[in-house]
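Protein chains in written order, with the working numbering: chain A, 555 to 901; chain B, 555 to 901; chain C, 555 to 901.
Keep in mind that a hint or two might mislead.
Since the list can't tell identical chains apart, any single copy or any two copies may satisfy a pair.
Derived PhoX-like pairs (lysine-lysine); straight-line CA-CA distance at most 25 Å [claimed, not checked]:
1. K862 <-> K816
2. K599 <-> K897
3. K868 <-> K747
4. K816 <-> K846
5. K888 <-> K868
Honestly, the hints are just simulated from the structure, not real lab data.
Every value quoted in this text rests on a predicted model; they were computed, and no experiment measured them.
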Amino acid sequence: MDYSLAEIAARLGERVMGDAEVRISQVATLEHALSNQISFLTNSKYRAQLDNTRAGAVILGEADAQASNLPRIISQNPYACFARASALLNPLPESVPGVHGSAVVDESARIDPTASIAAMAVIGAGVVVGAHSVIGAGCCIGDNVLIGCNVRLYPRVVIYYGCVIGDNLIAHSGVVIGSDGFGIAMDEGRWIKIPQIGRVVIGNDVEIGANTTIDRGALDDTVIEDGVKLDNQIQIAHNVRIGAHTAIAGCVGVAGSTTIGKYCQIGGSAGILGHLKIADHVVISSFTLIGKSIREAGSYAGIFPFSKTDDWKKSAVHLRHLDEMSNRIKVLEKLLLKQESLKGSAE
Amino acid sequence: MDYSLAEIAARLGERVMGDAEVRISQVATLEHALSNQISFLTNSKYRAQLDNTRAGAVILGEADAQASNLPRIISQNPYACFARASALLNPLPESVPGVHGSAVVDESARIDPTASIAAMAVIGAGVVVGAHSVIGAGCCIGDNVLIGCNVRLYPRVVIYYGCVIGDNLIAHSGVVIGSDGFGIAMDEGRWIKIPQIGRVVIGNDVEIGANTTIDRGALDDTVIEDGVKLDNQIQIAHNVRIGAHTAIAGCVGVAGSTTIGKYCQIGGSAGILGHLKIADHVVISSFTLIGKSIREAGSYAGIFPFSKTDDWKKSAVHLRHLDEMSNRIKVLEKLLLKQESLKGSAE
Amino acid sequence: MDYSLAEIAARLGERVMGDAEVRISQVATLEHALSNQISFLTNSKYRAQLDNTRAGAVILGEADAQASNLPRIISQNPYACFARASALLNPLPESVPGVHGSAVVDESARIDPTASIAAMAVIGAGVVVGAHSVIGAGCCIGDNVLIGCNVRLYPRVVIYYGCVIGDNLIAHSGVVIGSDGFGIAMDEGRWIKIPQIGRVVIGNDVEIGANTTIDRGALDDTVIEDGVKLDNQIQIAHNVRIGAHTAIAGCVGVAGSTTIGKYCQIGGSAGILGHLKIADHVVISSFTLIGKSIREAGSYAGIFPFSKTDDWKKSAVHLRHLDEMSNRIKVLEKLLLKQESLKGSAE
Chain A
555 MDYSLAEIAA RLGERVMGDA EVRISQVATL EHALSNQISF LTNSKYRAQL
605 DNTRAGAVIL GEADAQASNL PRIISQNPYA CFARASALLN PLPESVPGVH
655 GSAVVDESAR IDPTASIAAM AVIGAGVVVG AHSVIGAGCC IGDNVLIGCN
705 VRLYPRVVIY YGCVIGDNLI AHSGVVIGSD GFGIAMDEGR WIKIPQIGRV
755 VIGNDVEIGA NTTIDRGALD DTVIEDGVKL DNQIQIAHNV RIGAHTAIAG
805 CVGVAGSTTI GKYCQIGGSA GILGHLKIAD HVVISSFTLI GKSIREAGSY
855 AGIFPFSKTD DWKKSAVHLR HLDEMSNRIK VLEKLLLKQE SLKGSAE
Chain B
555 MDYSLAEIAA RLGERVMGDA EVRISQVATL EHALSNQISF LTNSKYRAQL
605 DNTRAGAVIL GEADAQASNL PRIISQNPYA CFARASALLN PLPESVPGVH
655 GSAVVDESAR IDPTASIAAM AVIGAGVVVG AHSVIGAGCC IGDNVLIGCN
705 VRLYPRVVIY YGCVIGDNLI AHSGVVIGSD GFGIAMDEGR WIKIPQIGRV
755 VIGNDVEIGA NTTIDRGALD DTVIEDGVKL DNQIQIAHNV RIGAHTAIAG
805 CVGVAGSTTI GKYCQIGGSA GILGHLKIAD HVVISSFTLI GKSIREAGSY
855 AGIFPFSKTD DWKKSAVHLR HLDEMSNRIK VLEKLLLKQE SLKGSAE
Chain C
555 MDYSLAEIAA RLGERVMGDA EVRISQVATL EHALSNQISF LTNSKYRAQL
605 DNTRAGAVIL GEADAQASNL PRIISQNPYA CFARASALLN PLPESVPGVH
655 GSAVVDESAR IDPTASIAAM AVIGAGVVVG AHSVIGAGCC IGDNVLIGCN
705 VRLYPRVVIY YGCVIGDNLI AHSGVVIGSD GFGIAMDEGR WIKIPQIGRV
755 VIGNDVEIGA NTTIDRGALD DTVIEDGVKL DNQIQIAHNV RIGAHTAIAG
805 CVGVAGSTTI GKYCQIGGSA GILGHLKIAD HVVISSFTLI GKSIREAGSY
855 AGIFPFSKTD DWKKSAVHLR HLDEMSNRIK VLEKLLLKQE SLKGSAE
């Protein structure tokens, strides 16, 4: 399948400069693009790559409109424009509607006739699967789960009983939604389990990366609002709420009952303790533990900088003595202050 | 299903104050409870919520016995009492004994007639599954695995060959028990694999969260003692031993051959290096790396505090120069000492 | 199955001291070995255990050749020698060639007749599985995946469409290869998805631990070179390249488009930010975040040392004031310098 550059621009609502008839069949990096491919520049510092590219066309921002003579689309947001061009050129493979012969679907489940249930999937009682949704191979959907339209579950996703999934969810392989939260109470030397009777409720347009886990609520629900994007290997504990359009990178852990605002961005392997409130538009660096609520939008970090191990050892040894170091400075300051005042009185 | 407050208290061995005939069908938070629901207060600082609750009954500690006029259970351990009340009101769904037609069970496996093997499960040769155990959809149980009674494996748990599972294990979806430990030896520029021939041996009353992995031992076994509670996404390496009733929060990694004592509590995303010994009753903060053995009960931490990114940058830049900073203080101290002694001798 | 010590040594190309006819059937630790088992000593500091072992034979380095009178193999690399002896004594169980009746294999897939496809596996269109490869129970292999020879996928591995797998891969349960990278672009208040059209390409002799995830490339491929060893719960983002014979411990996250050199060793729970270059032969400590490219071989660390929580609090409070602390030292130095120079001019 290919398109002329003019067709692509028209579908994306963007404008063309140069030869609009060049045929484009794929997107590619500036470095590897061929003459039937379109590439993009989002950062002017890569202009050298633009000069050397063999791409048939490029997507450029307004500021870079004259940076190339190639056939080009000029966009206010070249990265988003590229994303849309790629989606146009790489439509998802069609899935065959219907239930694979090997799947086990409870007779009380309501599967939309346009939906697709792949091999080895197991669908519980009372489940609803909406139009054009695809349940991948080996997925297990617990009783009474509600799944919206245009949902795509890759192979081996598990959704526990009673959870509610909006439209357009993409969940990658190994995702677990609705497992029990970590609720235990110590009683005479033994932990006893607190039943986790809340649900996970997921809004529309959410994506969840491979092997990410989202626990069901203890009493109330765990909630993932519209447009949230979660990378791989993330752990979302019970009763967390993640605000709309927040994006979280891989390996992050969010502890129980924490509320994260809208449009936040959380870096990889960061952590957020439980029962906190994070405001909207907060950016958290990778590898940072948030141990207190954040009430103000902005960027937050707490990373131990790396060095050569020998240098690190020299510095790290003082970390256990910062208080002492601070006290020694105080002593020096007092001594000097005394000297100065003695000197002052002597003069 | 509902109970009178008197019935609930009687079953839990607790005492009632106020109207013991109120009917209760569910547990809920103080904030959301309705008149047929019971809530609880474990921390006096939430007394304001107690005043405003619409709950039909509450569970209170002795100290708070008079803090409400609602029908109430008074307990020495209100949180544990609430857990037991919730378990009473939320019994696990009954599972149908027997083997689902789609499951593949080796003919040499011995499945107790009261046990349940769900759809798509695969059970190897020589496996034993005890009374009332439930093997969820799509679970894979390797050859010669021994599974005790009342075990509940949620969908898609894998247990490798030869592992031994006690009674009452709860393992959530995506758990992997008995995968090979990370044993490699460098030989002439290539890593060669060290066969991992130990097992994983799990005691009674253990719970394991979603997508947690526990590697089999290299030579001897990896051991999880009775009553251990593991949250999601935890990695337990080969030959680790975790002492009875220790609880570990999500995303923790424990490296090989480390022994953790009994009744420890380990915070989320913490790490423990290999070949260490952690005493009983040790509490480790979230995000803390334990790099040496801990011989004494107590609380341990090592977290880099977060701040606004600009402030963090100002501080972090000094971390690579702490040794120099310490030396500069020493120089100042010597100088001042010299001055003082000169002054002393001059006087 | 057992061997004489002479047979074992001959097969490994090593030499024997003492009684070469002792029969050996298994490897074991010095502490637990029995008279028909062989153990090993790789570190002279464990010589006391060597004195007390009941092993029938031991593997020793040249330097320890006289440290025991037991029948022994003397090796230049006793750990690798032990690994090879264990592999000899613990051959992998034979898998039955052919496709299990419950597996769903697309008719266009080409499965080598010596390969084994276990129960509940799902194999897509155009897949190729090489000689002697074993696809475990419940694995899902997407369309057009190419799998080499002697590959072993444990139960419930997922490989997305189009990925390429070399010979001898071992992938443990829960591994996901080829899931979408975390590619999103903000557009008028919403994240839009960037199709991930690259592949994952894995060389020969790679091992991947349980629940590790490797994302497919956004445009170009994610590449894992020959001999790479990945532990459990690792996250490899899109377009990462990991150099040959690099070993990565559990829970590490590597962000997008980073290139890691050959023969690197990365400790558990470490992190590497995106778009970085790590040289060959770099060693990174556990729990260390690498935030800049590393151009020089060597050992790098950035760990916050743990202490008792009370002591940690005393130190940690100063971390937010290091800049101020540094400035106070500067002030003291200036003051003293002034004093000294005044004194100098006064003398």
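Worksheet item: Hint by hint, which ones does this structure get wrong, listed from lowest number up?
Response: 2, 3
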